[in-house]
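Chemist: For the record, the sequence lines run as chains A and B.
Under our numbering, the first residue of the first sequence is numbered 1, with each subsequent residue one higher.
Under our numbering, the first residue of the second sequence is numbered 485, with each subsequent residue one higher.
No lab work stands behind these hints: they were computed from the structure.
Treat each hint with caution, since some may be false.
As the list claims (entries may be wrong) - Label-pair ranges, simulated between beta-carbon atoms: (1) B:VAL533 to A:LEU443: 17 to 23 Å; (2) A:GLU16 to B:GLY611: 38 to 44 Å; (3) A:ALA15 to B:ARG582: 55 to 61 Å; (4) B:ARG619 to A:LEU443: 29 to 35 Å; (5) B:GLY595 to A:GLY321: 31 to 37 Å; (6) B:GLY595 to A:GLY168: 32 to 38 Å; (7) B:VAL533 to A:ASP90: 54 to 60 Å; (8) B:GLY594 to A:GLY92: 51 to 57 Å; (9) A:GLY364 to B:GLY594: 51 to 57 Å.
Claimed, not checked - If the Cβ cut is set under 7 Å, some of the chain A residues that face chain B in the computed set are: (10) GLY78; (11) PHE102; (12) GLY210; (13) GLU275; (14) HIS415; (15) ASP445.
All C-beta atoms, glycine included, are put in the ideal place defined by N, C-alpha and C.
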Amino acid sequence: MMAVQHEATTSQLVAESPARWRLDPFGAMRVPGVVFASERLLAALGDDHSLAQVANVATLPGIVSASYAMPDMHLGYGFPIGGVAATAVDAGGVVSPGGVGFDISCGVRLLASPFEAEAVRRRLGQLMDVLAAAVPSGAGPGGVHRPASEQELEQILLEGAQVPVAQGHGDQRDLDRCEDAGRLADADPDQVGARARERGRGQIGSLGSGNHFLEVQVVEEVLDPPVAEVFGLHRDQVCVMIHTGSRGLGHQVCSDHVRGMRAAMNSHGIEVPDEQLACVPVTSQEGRRYLGALAAAANFARANRQWLADAARAGFARVLGRGDLPLVYDVSHNLAKLETHEVDGHDVRLCVHRKGATRAFPPGAEELPEDLRAVGQPVLLPGSMGTSSYVLVGAAPGDAFASCAHGAGRTMSRHAAKRTGHGGGRLRDDLAAAGIEVRARSLRDLPEEAPSAYKDVEEVVEVCERAGLARRVARLRPIGVVKG
Amino acid sequence: MTADAADRGHRTVAHTADQIVEAWGPTREACLEEAAMGLVETFADPSGVGWCDHAEVVLTGSDEQLLVDLLEEIVYRLDTDRGVPVRVRVRPRAEGVRADLWLTDRRRLGGLGVAPKGVAYSQLDFGPDPVGLWRCSVTVDV
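Isolated chain A (complex conformation) (with noise of 0.2 Å):
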């Protein structure tokens, strides 16, 4: 059932602060929105739609303080790319796959290597030549793991990260430092349909194509030394940062339990203003069914990610001689959790769907493993292809239920950034002569992540700061790119 879409600009919005504006409830909004950004930022939205996004999202039922919008914030389905909301699970708040994404668990992984710069720059070409051939991307099967049964299949949906590890293609470091130890609880692989789990089988270990990519990283500058010393970063090292997701079986269980939802929706008497934030309570049976294939993609994308960190430490042993690359984190920018925040005062247990949005818990967080605790939680915020990614930590209090952004966010369309582009031979060359290394299947399609169509990364991880989401810890620089 279609409720009428809302039509918003951000000439709507009213500053609360120079980085957080809100915009007020009108029509259907049983909230108001809240975006974080700056004047640039605003202005760089153009007229894609996202902040009409944010109005429908917050006619979600049950959606509690705010609607939310990230610095990066773009235009996705349903809810905008950098959408954060909240539901009440005890109050008919609704779980809606839109508010998570295709890409269930998409996210980010940071390892960091015992080398230098200099140590690795010497070798940067034969290193770049040895990760993209050890590192499946673009279209099509393809991973570095095969299970081995159905039941090994089923055994990674239950327990994501803590397979690859058991055999061996990781240590006990890889599941403290990532989020949910490496395994979300209350995974169901029932709900994970037939169509789904084949197209998984063939892309475990692997990095798709799109945004996707492998980098190799130095710090360039450290921030904030005391925490970056915890999370295990210094000055002048090379890290290796992995983005990637839950590949087709994530996409197929977003497909395949949109279309339950829309079936149902009418019993459960519910209207959405866009077919995408399709949705049912949290504790109905759909609602259910949803969040237990929901883990199990996630225990998928863990996995995927730890069986490629597993690839690049294998391709830096070779290359460099080790391959002792430990974690420094892992997190999701996909996902819909349920947490307890405050609200009102009270303490509520929410359904928190962050979509192209990280989770960034402040110092003394429970979930955090004993070592960061004291500080808070990593926060993995990549740039555009050749610019700068940032650690960030996150910040107390805190705000959108402690949530962040997720990288640059788009400002340009990949055809626009096709046209704009001078070919992806001129772009490689570029980047080439500014000390970067890339390897990509096809230089048809890497103008489409040219920098430039992306925002600027620095303002976005500024207004992060500045509305005290995160603090930065340091700042990272590619020199080599596995281009999925």
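Could you slot chain B onto chain A? The hints should help.
Modeler: Coordinates of chain B only, in the frame set by chain A:
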């Protein structure tokens, strides 16, 4: 833009992060055929590539559901190495449609572009326009 007759064709349109496929044709089935090839052309150039396999897919549901399901079939086949269509024919059935897909191996298509991974219901349009030409617009997650 491709048009093998004046009143049918397809093209891709800019979207901030993903791809929008637009297609049109004199009938619902012609429009579905164009949309299918429009999707393929977001990641491959099938022109001049022969087929080596054939599949038949029966689809039911609303017009919009037929469109989503046909495109999802292509995404599924790409992800599981079950071929990429180089030609599509869609015929009406009492309920829904039957689609014939003439398929090639993805390795015969050269370097593939950014892969489609899902079909969105957001901003999905499919139906006849005021002059009776069937038109669709569908956003594909990449």
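Chemist: Broken hints, numbered, in rising order?
Modeler: Of the numbered hints given earlier, the structure breaks none, since each of them holds.
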